[in-house]
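Chains A, B and C are the protein sequences, given in the same order. Residue numbers for the first sequence follow the working numbering, beginning at 1 and rising by one. Residue numbers for the second sequence follow the working numbering, beginning at 1 and rising by one. Residue numbers for the third sequence follow the working numbering, beginning at 1 and rising by one.
Honestly, I wouldn't trust all of these hints.
[Unchecked claim] With a straight-line Cα cutoff of 20 Å, these simulated PhoX-like cross-link-like pairs (lysine-lysine) come out:
1. K17/A x K17/B
2. K17/A x K17/C
3. K17/C x K17/B
Simulated from the structure, these hints should not be mistaken for lab results.
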Amino acid sequence: LPGGPDTVFFLSDFGSKDEFAGVVRAVLRRLAPGAVVVDLTHEIAPFDVAAGARTLVRALPYLGPGVVLAVVDPGVGSSRRGVALAAGGPEPRFFVGPDNGLLLPAAELVGDPMVAVELERPVPEGDVTTFDGRDLFAPAVAALCNGAPLADLGTTIDPDTLVRLLLPLSRHSRLPDGRIVRWSQVSWVDRFGNLQLSASPSDEDPEVFALAWPEGEEKGEGGAGAPAGRMVRRVRAFAELRAGELGVIVDANARLALVVREGSAAELLGVGVGQVLGLAEPPA
Amino acid sequence: LPGGPDTVFFLSDFGSKDEFAGVVRAVLRRLAPGAVVVDLTHEIAPFDVAAGARTLVRALPYLGPGVVLAVVDPGVGSSRRGVALAAGGPEPRFFVGPDNGLLLPAAELVGDPMVAVELERPVPEGDVTTFDGRDLFAPAVAALCNGAPLADLGTTIDPDTLVRLLLPLSRHSRLPDGRIVRWSQVSWVDRFGNLQLSASPSDEDPEVFALAWPEGEEKGEGGAGAPAGRMVRRVRAFAELRAGELGVIVDANARLALVVREGSAAELLGVGVGQVLGLAEPPA
Amino acid sequence: LPGGPDTVFFLSDFGSKDEFAGVVRAVLRRLAPGAVVVDLTHEIAPFDVAAGARTLVRALPYLGPGVVLAVVDPGVGSSRRGVALAAGGPEPRFFVGPDNGLLLPAAELVGDPMVAVELERPVPEGDVTTFDGRDLFAPAVAALCNGAPLADLGTTIDPDTLVRLLLPLSRHSRLPDGRIVRWSQVSWVDRFGNLQLSASPSDEDPEVFALAWPEGEEKGEGGAGAPAGRMVRRVRAFAELRAGELGVIVDANARLALVVREGSAAELLGVGVGQVLGLAEPPA
Numbered sequence: 001l002p003g004g005p006d007t008v009f010f011l012s013d014f015g016s017k018d019e020f021a022g023v024v025r026a027v028l029r030r031l032a033p034g035a036v037v038v039d040l041t042h043e044i045a046p047f048d049v050a051a052g053a054r055t056l057v058r059a060l061p062y063l064g065p066g067v068v069l070a071v072v073d074p075g076v077g078s079s080r081r082g083v084a085l086a087a088g089g090p091e092p093r094f095f096v097g098p099d100n101g102l103l104l105p106a107a108e109l110v111g112d113p114m115v116a117v118e119l120e121r122p123v124p125e126g127d128v129t130t131f132d133g134r135d136l137f138a139p140a141v142a143a144l145c146n147g148a149p150l151a152d153l154g155t156t157i158d159p160d161t162l163v164r165l166l167l168p169l170s171r172h173s174r175l176p177d178g179r180i181v182r183w184s185q186v187s188w189v190d191r192f193g194n195l196q197l198s199a200s201p202s203d204e205d206p207e208v209f210a211l212a213w214p215e216g217e218e219k220g221e222g223g224a225g226a227p228a229g230r231m232v233r234r235v236r237a238f239a240e241l242r243a244g245e246l247g248v249i250v251d252a253n254a255r256l257a258l259v260v261r262e263g264s265a266a267e268l269l270g271v272g273v274g275q276v277l278g279l280a281e282p283p284a
Numbered sequence: 001l002p003g004g005p006d007t008v009f010f011l012s013d014f015g016s017k018d019e020f021a022g023v024v025r026a027v028l029r030r031l032a033p034g035a036v037v038v039d040l041t042h043e044i045a046p047f048d049v050a051a052g053a054r055t056l057v058r059a060l061p062y063l064g065p066g067v068v069l070a071v072v073d074p075g076v077g078s079s080r081r082g083v084a085l086a087a088g089g090p091e092p093r094f095f096v097g098p099d100n101g102l103l104l105p106a107a108e109l110v111g112d113p114m115v116a117v118e119l120e121r122p123v124p125e126g127d128v129t130t131f132d133g134r135d136l137f138a139p140a141v142a143a144l145c146n147g148a149p150l151a152d153l154g155t156t157i158d159p160d161t162l163v164r165l166l167l168p169l170s171r172h173s174r175l176p177d178g179r180i181v182r183w184s185q186v187s188w189v190d191r192f193g194n195l196q197l198s199a200s201p202s203d204e205d206p207e208v209f210a211l212a213w214p215e216g217e218e219k220g221e222g223g224a225g226a227p228a229g230r231m232v233r234r235v236r237a238f239a240e241l242r243a244g245e246l247g248v249i250v251d252a253n254a255r256l257a258l259v260v261r262e263g264s265a266a267e268l269l270g271v272g273v274g275q276v277l278g279l280a281e282p283p284a
Numbered sequence: 001l002p003g004g005p006d007t008v009f010f011l012s013d014f015g016s017k018d019e020f021a022g023v024v025r026a027v028l029r030r031l032a033p034g035a036v037v038v039d040l041t042h043e044i045a046p047f048d049v050a051a052g053a054r055t056l057v058r059a060l061p062y063l064g065p066g067v068v069l070a071v072v073d074p075g076v077g078s079s080r081r082g083v084a085l086a087a088g089g090p091e092p093r094f095f096v097g098p099d100n101g102l103l104l105p106a107a108e109l110v111g112d113p114m115v116a117v118e119l120e121r122p123v124p125e126g127d128v129t130t131f132d133g134r135d136l137f138a139p140a141v142a143a144l145c146n147g148a149p150l151a152d153l154g155t156t157i158d159p160d161t162l163v164r165l166l167l168p169l170s171r172h173s174r175l176p177d178g179r180i181v182r183w184s185q186v187s188w189v190d191r192f193g194n195l196q197l198s199a200s201p202s203d204e205d206p207e208v209f210a211l212a213w214p215e216g217e218e219k220g221e222g223g224a225g226a227p228a229g230r231m232v233r234r235v236r237a238f239a240e241l242r243a244g245e246l247g248v249i250v251d252a253n254a255r256l257a258l259v260v261r262e263g264s265a266a267e268l269l270g271v272g273v274g275q276v277l278g279l280a281e282p283p284a
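Bound-form chain A, shown alone (with noise of 0.2 Å):
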């Protein structure tokens, strides 16, 4: 495209059952035809900006030079920003949706300088003011790819003004046998029920961990109460666990995940996102 990125990399929470990233893919197609849509998922659950954010962050990695077009709304329509973004250089990579918190974290991993603009929202035809994908983020995408500047899409922000996300907790303690235990909370919880932690691996994790949980939310199989303490081996691979044992493994994002061989953590569990476990060492 003329001066402009040609990939677009959509995120959104719209689903696939209605018709609704659809007509964002059809208005981008009129727009900017020579632009290529990569569907990330748009099934992150129905306004959680932090799952789309988290999302975004784990895929950022991976994509190359284009427009994040993400969009998670539950503000739509009222006074909350639409923003664009340009991170990184010298080629940046824009990011275009509501000012929510959805965009900056995956945004600050590109790194800096960061530009941010509030896009000026056209006209409205009508009352309508519920579809800022189809009417304003879109428009926006296909301008970027069609060479115009950011500057152009509105009026320059301060980035600081960027409304922020709460980070997930994480936090270190001792048992009251002076074990050290690092507490994190499951971050995602995928299709195949690997549990993904916030915590990231170290060289100093042991062989195994004793799984710890806050005290009165003892959990495990099929339901509260149950193994509280239990042993966890950390493997490599999935493969190096027995069908149906838990283990912890550095995921495909780096980050530890409890998972079960072919079989899902989540259910062995009985936890989903947020909640809080502990890894600690194990008993001498």
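Following the hints, position chains B and C against chain A.
Frame of chain A, contents of chains B and C only:
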């Protein structure tokens, strides 16, 4: 493409579980390699021709030049015709699919002139008669993309003979106290549980509506029997509602819709597509 | 593309809930920007290699030149090989994925000659061993699209060493009254509930079949115990059936299938993939 449209807008009830839509895309790629396929949705409920037709009508204003390929086809293998339509000009929009009411409302929205042909059926290999999307419609779409005139695809037929769906109910009546109530039907429940009505907004709409139910069908929070005649505010954006509050909005297709902020109006009211609902002026 | 195929047919068990398939598409876009990705389906049941293999076999006759990228991979991270295959000629079809039986049936359907290489594994970053679709297979596909000869992707191996799935059962026996019954398995339940059988049609098929069940497995409307030995008409099209009637049809893959007009044969009979069913001549 040489003289033909270069975009295919594809809608079906094929779902994503099987390879049906993928195989049709593969046939298009093989026969018209330069055409770009824009998937609208493949999650139309199985056999629900009317839902497919309404989805095409909603999407149509946002589609650029191209061919709409739509397949919701309970009559496949019967004597129902396969058709291709050209609507409007000088650059007509094309529609290819079964003659069962699916295509006509969107084609009529494009406007006159309308030209229709009954697709000539290729000799089936073996006894295969169950997948016209792959064997009849996709080849016809590819021929159009490759520049074939519409008339080359089959026999010209009178557009007035095309199958037409019944229109949704919409009428006015008076409540016992003399207030006028406008009755319409729920025409779409989207992923978020928003209830699109067959009614359009009017300059005379009051700021607050009284929701009316057909006799004996009163429903409400959690089921029947609940607050019939509840007051519903008309708002311009979701954000003007309190969390959980039911409101009336002009939705992204310029239709009236019952919505809940960050929630599901369908769940709140316990209704689905086809439910008749009335909007009345509030009591004096 | 310079000397390489320009189309990638992509099938997986990644689902649509997560960004897995999207990230693979992004990697392909980055490494082989001129290639077009045609998604076949990503809703193969998790880890169901045989279902993936059968889906590829069904789709294959409709795929033009290109590379099939297929990932259903319970053994990721184990010693199972990643492979690339070239089948047929002079313009071979390519297949890239795990060596677990997923690719071989479709590749053999293309025909001889078959050339196979074990993919050379790039040095993994960190300990990541769980996402070969992204890290091993997509780069190999991109290399082929960019014109790399198959042999450049790794070490040539003997195709006879490729993992082979067991074939579905298909055998004949005699009922007590001497009639011949042909036993086969349900190989696919599609979105509509049609039951594809591993049996193919024959010129000697009668107009009406008697449905036979393995001893002790008789099922029927709503569950076990129902009309064993029911008569099922062979029809050429759904439309020849009454609404709700069970019939046998030659389906879109030229296989025998049990179907219900505008209904689900799977629900009517209460069966799923793998169920053994018999088709017999009707009693004299």
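TODO: Give me the numbers of the hints this structure contradicts, sorted from smallest to largest.
DONE: When the structure is compared with the hints, none of them turns out to be violated.
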